[in-house]
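Engineer: Sequence:
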Amino acid sequence: MSVDLRNLRRVVGTSAAVVTALQAGTAALALRKRRRDYADGVWGPGLAAVAITGAALGTGDPWRRWTLAAVTTGWAIRLESLMLGRLRGTDSEDERYTEFLEGDGTPTVLAKVFGTQAVAQLLVSAPLQLAAASTLPRSARRWLFPVGAAVAVAGAVVEAVADRQKSAFMARDRDERPDVLDTGLWGVSRHPNYLGDSIVWDGVWLAGAASAPGAWLVAAPAAMNWFLIHATGAKRTEDRMGDRPAYQDYQRRVSFFFPGT
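Those letters in the sequence shown? Residues 1 to 261, by our numbering.
Errors might be hidden in some of the hints.
Said to hold, decoys possible - The list that follows gives simulated cross-link-like pairs (lysine to any residue, SDA-like), each with its CA atoms no further than 25 Å apart:
id	residue 1	residue 2
1	Lys235	Asp175
2	Lys33	Thr232
3	Lys112	Ala21
4	Lys166	Thr90
5	Lys235	Met83
6	Lys166	Val147
7	Lys166	Lys112
8	Lys112	Ala17
9	Lys166	Arg34
10	Lys112	Pro137
11	Lys112	Ala168
12	Lys235	Ala215
13	Lys235	Ala21
14	Lys235	Pro213
15	Lys33	Gly103
16	Lys166	Gly103
17	Lys166	Phe256
18	Lys235	Lys33
19	Lys33	Pro45
As the list claims (entries may be wrong) - Okay, the calculated beta carbon distance ranges per label pair:
id	residue 1	residue 2	range
20	Asp175	Arg86	32 to 40 Å
21	Gly13	Ala150	24 to 32 Å
22	Leu29	Asp243	13 to 21 Å
23	Ala215	Ala70	20 to 28 Å
Simulated from the structure, these hints should not be mistaken for laboratory data. Cβ coordinates follow ideal geometry from the N, Cα and C atoms, glycine included.
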């Protein structure tokens, strides 16, 4: 068997402890500052922490575990810079959290936000954890690792370019700015930043699937895609923007998520 089960238990247990500590620390700060949206700021760091934990403690193929740690950490650093800029740019809580948590007490907030996010981080990062404790096969299947790593990097580039295009659009003078961004990547998908994010984690799963057990963890990228499309990303944006005539026209002209669909 290509998986060192004893090492996998160590990686999983330590990853769970690291994620729990990060979520607990963020929750304490968020509740004290009355900014429950601080949860957004720990999403990327939590996933990077799992990747680094696996790379450091794992006994699996070193090239794979450190490559995936590097890709995940690079992705997280860029995402974190955006999150911190957004969180520091306002003194008020994101209205999504205010509406979602209206009337909830502290135990419910901890469970609905920080507990749920911890579980989500451990689920999404499952391919990283398994890859850390797995060897690569001698068969052609081993090439799924470099292919998956390349896919993840490509997704990170798509996400970064989309965010840069959006930032440039928002920086334009309001009088000169069109009602909707529909050029560049935003002309082929209404949510290219989320699409790029999903590609990153599809690539991570593919790299992990080079070891036979990894293919069974397809629920990890599927969960990430569900979060990005339905839970916290694209659909929420559509609901918020859908009553604007310019955006309704944009919806008719440009694919929702995947280009050409």
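Engineer: Honestly, do Leu29 and Asp243 meet the 13 to 21 Å range at C-beta?
Structural biologist: violated (35 Å)
Engineer: Taking only the CA atoms, is the gap from Lys235 to Ala215 under or equal to 25 Å?
Structural biologist: violated (28 Å)
Engineer: For the pair supplied as a hint, Lys166 and Thr90, is the alpha-carbon distance within the 25 Å limit?
Structural biologist: Within the cut-off at roughly 19 Å; holds.
Engineer: Are Lys166 and Val147 close enough, with their CA atoms no more than 25 Å apart?
Structural biologist: violated (29 Å)
Engineer: Within 25 Å, alpha carbon to alpha carbon, are Lys166 and Lys112?
Structural biologist: violated (30 Å)
Engineer: Take a quick look at whether Lys235 and Asp175 sit within 25 Å of each other, Cα to Cα.
Structural biologist: Not OK: Lys235 and Asp175 at ~28 Å, beyond 25 Å, violated.
Engineer: Can the restraint linking Lys112 and Ala17 be considered satisfied, given a maximum Cα separation of 25 Å?
Structural biologist: The given pair, whose Cα atoms are some 19 Å apart, holds under the 25 Å limit.
Engineer: Can the restraint linking Lys166 and Gly103 be considered satisfied, given a maximum Cα separation of 25 Å?
Structural biologist: This hinted pair is violated, its Cα atoms lying about 34 Å apart.
Engineer: With the threshold set at 25 Å, check whether the alpha-carbon distance from Lys33 to Pro45 stays at or below it.
Structural biologist: holds (20 Å)
Engineer: Is the hinted pair Lys33 and Gly103 satisfied, with a Cα-Cα distance of at most 25 Å?
Structural biologist: holds (17 Å)
Engineer: Hey, Lys112 versus Pro137, does the alpha-carbon distance stay inside 25 Å?
Structural biologist: violated (40 Å)
Engineer: With 20 to 28 Å as the target window, see if Ala215 and Ala70 comply at their CB atoms.
Structural biologist: Given a distance of about 23 Å, which is inside 20 to 28 Å, the answer is holds.
The structure is inconsistent with the numbered hints 1, 6, 7, 9, 10, 11, 12, 13, 14, 16, 18, 20 and 22, although it conforms to all the rest.
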